[in-house]
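Here is what each chain is made of, one letter per residue.
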Amino acid sequence: MSDLPAKILYCRCAFARAVPEATKNAVLGRLCESGISFESVADLCEMSARKDPRLAEVLAGDEPIRIAACFPRAVKWLFHHAGTPLPDDGRVEVLNMRDTSADAIADALLAGTTSHSPSNSPTP
Amino acid sequence: MKNEIHPVQVILYEGGGSTPWEVDCRLSVTASLLDQGYSVLRVTEAAGNGAAMRTTRGIPVIVLGRFTGPMPEVVDGAGELRIATRDTASLGAEEILSLVTTVREDLGADLNRPGQTGAWKPWFPVIDYDRCTNCMQCLSFCLFDVYGVDEDKRIQVQNNDNCKTNCPACSRVCPEVAIMFPKYASGPINGELVKQEDLARESMKIDISSLLGGDIYSSLKNRSEKAKSRFSKERSPDKALDERKRCLTQLQQSGMIPAEVLAELDLSSLPSPEAIQRKAKELAALREAQV
Numbered sequence: 002m003s004d005l006p007a008k009i010l011y012c013r014c015a016f017a018r019a020v021p022e023a024t025k026n027a028v029l030g031r032l033c034e035s036g037i038s039f040e041s042v043a044d045l046c047e048m049s050a051r052k053d054p055r056l057a058e059v060l061a062g063d064e065p066i067r068i069a070a071c072f073p074r075a076v077k078w079l080f081h082h083a084g085t086p087l088p089d090d091g092r093v094e095v096l097n098m099r100d101t102s103a104d105a106i107a108d109a110l111l112a113g114t115t116s117h118s119p120s121n122s123p124t125p
Numbered sequence: 003m004k005n006e007i008h009p010v011q012v013i014l015y016e017g018g019g020s021t022p023w024e025v026d027c028r029l030s031v032t033a034s035l036l037d038q039g040y041s042v043l044r045v046t047e048a049a050g051n052g053a054a055m056r057t058t059r060g061i062p063v064i065v066l067g068r069f070t071g072p073m074p075e076v077v078d079g080a081g082e083l084r085i086a087t088r089d090t091a092s093l094g095a096e097e098i099l100s101l102v103t104t105v106r107e108d109l110g111a112d113l114n115r116p117g118q119t120g121a122w123k124p125w126f127p128v129i130d131y132d133r134c135t136n137c138m139q140c141l142s143f144c145l146f147d148v149y150g151v152d153e154d155k156r157i158q159v160q161n162n163d164n165c166k167t168n169c170p171a172c173s174r175v176c177p178e179v180a181i182m183f184p185k186y187a188s189g190p191i192n193g194e195l196v197k198q199e200d201l202a203r204e205s206m207k208i209d210i211s212s213l214l215g216g217d218i219y220s221s222l223k224n225r226s227e228k229a230k231s232r233f234s235k236e237r238s239p240d241k242a243l244d245e246r247k248r249c250l251t252q253l254q255q256s257g258m259i260p261a262e263v264l265a266e267l268d269l270s271s272l273p274s275p276e277a278i279q280r281k282a283k284e285l286a287a288l289r290e291a292q293v
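Residue numbers (my numbering), protein chains in the order written: chain U, 2 to 125; chain D, 3 to 293.
One should not assume that every hint holds.
[Claimed, not checked] Below, a list of computed lysine-lysine pairs in the DSSO-like style, where the Cα atoms sit at most 27 angstroms apart: (1) K52(U) / K283(D); (2) K52(U) / K123(D); (3) K155(D) / K283(D).
[Stated by the list, open to error] In silico contact screen, one side only, chain D against chain U (beta carbon under 7 angstroms); selected entries: (4) V25; (5) R133; (6) N164; (7) T167.
These aren't lab readings, by the way, just hints derived from the structure by calculation.
In this text, a Cβ means the ideal position worked out from N, Cα and C, and glycines have one as well.
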């Protein structure tokens, strides 16, 4: 497994209520409290339908990738549908916000990051 | 497909030469932008997603930051990106959201906005090729040309936009539980792992052949041919529509198409008798090629 810091991708599922509001809000809250960089998208399904080229950008490189979205089977084939299949080398971890607690998701997303704790209060 | 619409990428820049945002403001702005259809990349100097800002050709970019010095000029040497940079040092969350709207309009960028009238809800079938056996049941079943085949005669989803929102009917006719609608409420259609009991349930599905005496297109073809001879002297578009409506009602009564989906269908948008006959011929040729 790569020692590179993980890329994080968060899906808001903005076009439907498939992901519980409380879970997706809490996960986003934890990401925003942390000091890390992360990518967030309105809706992976919509990007897949449009075959959005940014999905390929997300997969580019050798870093581990953590995706907070929905069922891994759905996410796998959504990327495939977009023409950018997920690599099967074990560097992609899909976390399911539909049936997992927000804390468990956020802990997994932030695991091993160097800026895990709440940070970034404004400079006076 | 709404190919002409691209989500605008907003970059919350909190790296060198800027001060970080308050957590509440960052969360509020990020959540609101996502709910409006934007994508948001937060860039810090810490690990994760790289301090380097990744952008994608053709997608408009708005860079927001609380810059401590002169506002950096962000340019795209290749001239392929529309980039706007704005200093948000004195702005609250609401003002930032207004600013983003204004800048997006200035960039001439459009959004597919969730919840807005006219927005396209991303509802379309996603095929699990680990399960699909290329039986073509879905292609036979769908009246709206959502499915097609690639150059290797492999089934694929070709026309996402043709899919009728909230209709999961094709996934219900798939004998291998290989068709997902990720926004569907329950499994395995929503992408949950397929369990043994799901397979058992699927094996009890109504066989389309028994439902309509053949595949949908053959059935509709027969119906349209009968209708053609019946109305040959006084062909009426209304009668043709009635014919299609009867066929769809039969499907709805079988439980395959939700009543609310059927109620919203624009029957005049259904395939014409000629299109149905052409499709039936194409399917027959495909099946012959598979034998």
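> Where does the structure disagree with the numbered hints, that is, which hint numbers, in rising order?
Replying inline: 1, 5, 6 and 7
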